[in-house]
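Enquirer: Letter by letter, the chains look like this.
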Amino acid sequence: MTETVMTIPGIDKVSSRSGETVLRIRNLSKQYGKRLVVDNLNLEVQRGEIFGFLGPNGAGKTTTIRMMLGLIEPIAGNVEILGKDIAKHRAEILPRVGALVETPALYLYLSGRSNLRVVGSALGGVPKSRIDAVLELVGLQHRQKDLVRTYSLGMKQRLGVAMALLQDPDVLVLDEPANGLDPAGIVEMRDLMHQLAAEGKTVFISSHLLTEVQQICTRVAIIHLGKLITESSIEELTNGRGEFAVTLERPQEALALIQAQEWGRSARLDKDGVLITPAPDSRGRELNLFLVNAGFVPDTISQATQDLEEVFLRLTGNGSGGVQ
Amino acid sequence: MSTVIATPASAEHKQLRKARPSFFGLLRAEFFKVLHQWTTWILLVLLVGVMILPYLIEITVPSIKDQIQQAPLHFFYNEMSIGLSIVRVFTGIFLLIITARMIGLEYQLGTIRVLLSRGVGRLQLLFAKLLTVVIIALVLLAAGLVLNYLLTLILVSSKAGNLTPFNALTSQFWSDTRTYILTILLNMGVTVLLATTAAVVGRSLSFGLSAALVFFPIDNVGTIIMQLAYRLTNNDFWLSLTAYFLGPNLNVMPMPLTSGRAESIGASPLYFVDEAHKAHGVLVDGTHTLVVAAVYAAIFAVTAIWLTWKREVKE
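Those protein sequences? They're chains A and B, same order as listed.
Reminder that position 227 of the first sequence reads as 226 in numbering that gives the first Met the number 0, one-by-one numbering, no gaps.
Reminder that position 63 of the second sequence reads as 62 in numbering that gives the first Met the number 0, one-by-one numbering, no gaps.
Derived from the structure by calculation, the hints contain no laboratory data.
Mixed in with the good hints, there may be bad ones.
[Said to hold, decoys possible] Derived DEER-like restraints, expressed as beta-carbon distance ranges: (1) A:His88 x B:Thr286: 44 to 50 Å; (2) B:Thr286 x A:Asp84: 46 to 52 Å; (3) B:Lys17 x A:Ala86: 21 to 27 Å; (4) B:His12 x A:Ala86: 26 to 32 Å; (5) A:Ala86 x B:Leu184: 37 to 43 Å; (6) B:His35 x A:Gly18: 41 to 47 Å; (7) A:Gln140 x B:Leu149: 44 to 50 Å; (8) A:Gly316 x B:Lys17: 45 to 51 Å; (9) A:Gln140 x B:His12: 19 to 25 Å; (10) A:Glu309 x B:Lys17: 42 to 48 Å.
[What the hints assert, rightly or not] The calculated DSSO-like cross-link candidates involving lysine-lysine, where the alpha carbons are at most 30 Å apart (straight line), are: (11) A:Lys87 x B:Lys309; (12) B:Lys17 x A:Lys127; (13) B:Lys13 x A:Lys87.
Note that beta-carbon positions come from the ideal geometry of N, C-alpha and C, so glycine has one too.
Kindly generate the complete structure, drawing on both the sequences and the hints.
Expert: Printed below as a string of structure tokens:
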């Protein structure tokens with residue numbers, strides 16, 4: 000099977016990054032019937048990263064996460080967490096991984112605190128002080144004695160996160176952590192992720208809130224139809240493709256002139272009339288010189304950036320099926 | 000949500016990092032869960048009520064006094080058969096519901112993925128649940144026996160005015176009682192395995208509970224249907240088939256094992272001898288009932304273990 004990773008100019012390859020690799024996915028594949036839902040996936044996540052895992056509905060994100068957590072078996076490839084193969088060292092490694100997969104799964108007939116107590120007991124015992132701490136961390140200390148069936152979706156989500164943090168894991172795998180949270184809750188969740196990463200914890204997030212991912216994550220991987228489309232830092236991904244944004248008078252005329260150049264065929268105007276263009280030799284200085292010599296004095300020249308949503312939609316072919 | 004991160008103190012941190020899923024931790028968690036469900040307590044109250052009911056009826060029957068005084072051993076065999084039959088049937092129903100809930104809810108709520116994704120083994124979890132049910136079953140049986148004994152004491156002393164009728168009890172009686180208790184234990188074991196398999200196959204409470212609860216009524220009613228089939232076809236096959244039904248075998252088990260001294264309730268495998276002294280159907284003996292129960296138990300156990308071990312968790 001050949002690897003079909005689309006590379007974007009200026010993006011580092013996985014192998015060239017430094018730091019401790021906490022999560023490594025190698026040639027991971029999963030098939031249901033005749034459908035290959037995860038196709039030869041390769042990923043590496045470093046310690047302390049907040050890694051975004053994006054893809055449209057049915058891209059294979061949840062299947063990948065389930066394979067990472069040993070809930071389902073891959074047909075090929077393997078997952079290493081903290082340097083050990085999950086298939087061989089499941090009982091040793093998974094307690095160091097906190098996970099929230101899809102909607103939070105909770106014992107509805109128990110209180111929030113009892114949920115943590117039950118899971119803590121099953122996982123080898125968690126002190127009361129730790130339960131208090133995570134309840135406070137997710138803001139549920141005042142509702143801890145209420146039955147979970149009376150909780151809102153946002154509260155259940157918080158309890159799910161508390162459960163994931165119960166054993167102070169090294170790696171957190173969160174599937175849609177902002178689900179059901181109000182705007183203030185989303186901001187708090189974002190802060191929490193940053194602080195966990197600052198502590199050296201690695202956070203792996205699958206989310207459909209691309210603006211959130213853009214603000215939270217340090218790097219992202221985008222998968223589509225089970226295949227890795229790109230893996231890059233947010234900065235590199237949104238920096239555009241070495242293009243520049245130019246504001247100037249008579250942009251239509253300038254565009255026509257640039258498009259007539261060998262290097263400028265992909266130039267275009269964005270919806271605000273800003274000229275988005277490559278530069279001769281990929282250098283902004285050369286572009287400035289060219290425009291001035293042609294009688295178009297730019298008001299501003301800056302590196303063109305795209306938001307993550309634009310990149311996502313472009314890479315996944317307008318994201319058919321919606322973003323998951 | 001607090002934005003101040005809770006970093007555990009170093010000793011606590013070490014303890015947390017060393018913690019691994021443990022069988023006894025799972026056992027504690029299972030007990031905690033089952034004891035915090037209203038269903039458990041409601042069923043328990045109903046169970047106690049059903050056990051007391053026959054004694055309440057008997058205490059109002061005037062002829063009981065004569066039975067105690069004239070044929071005390073026969074009376075005690077009768078009491079033992081009724082009391083233990085009720086324990087057998089109703090603890091069975093209690094265990095079916097508790098087991099199906101314990102396993103089915105874990106799938107239905109999706110909490111199984113929380114536990115498995117933190118390193119809990121699939122079979123480790125299944126066996127922890129089974130051991131929890133086994134302990135509950137043993138406690139239930141012990142409590143049921145003590146309750147029956149106390150109620151019999153009360154009944155005898157209130158009707159006969161003293162406890163001297165107990166002097167009529169023979170070592171054979173106690174031996175038969177022990178055999179009957181053993182059949183209850185076997186009944187409980189097969190019942191728990193049946194409910195486990197139903198919940199594991201269906202991966203939901205609703206399927207597990209329904210399948211487990213309808214199994215015994217179906218195979219008990221099955222004997223009537225087989226009798227009808229025999230009447231229509233005049234073929235012994237239909238009668239013989241009932242000798243391999245689980246429910247009727249469990250129902251009849253105490254009788255052959257006590258050489259008919261103890262009795263039981265519920266449908267039994269069909270068998271009769273006609274006027275020409277020709278036998279129809281299979282006359283089951285103690286060994287037969289034990290083998291049938293063991294085969295069903297093995298099928299249930301292998302199915303539940305295999306599916307739990309091999310099937311992917313998509314909840």
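Enquirer: Failing hints, ascending?
Expert: Every hint satisfied by this model.
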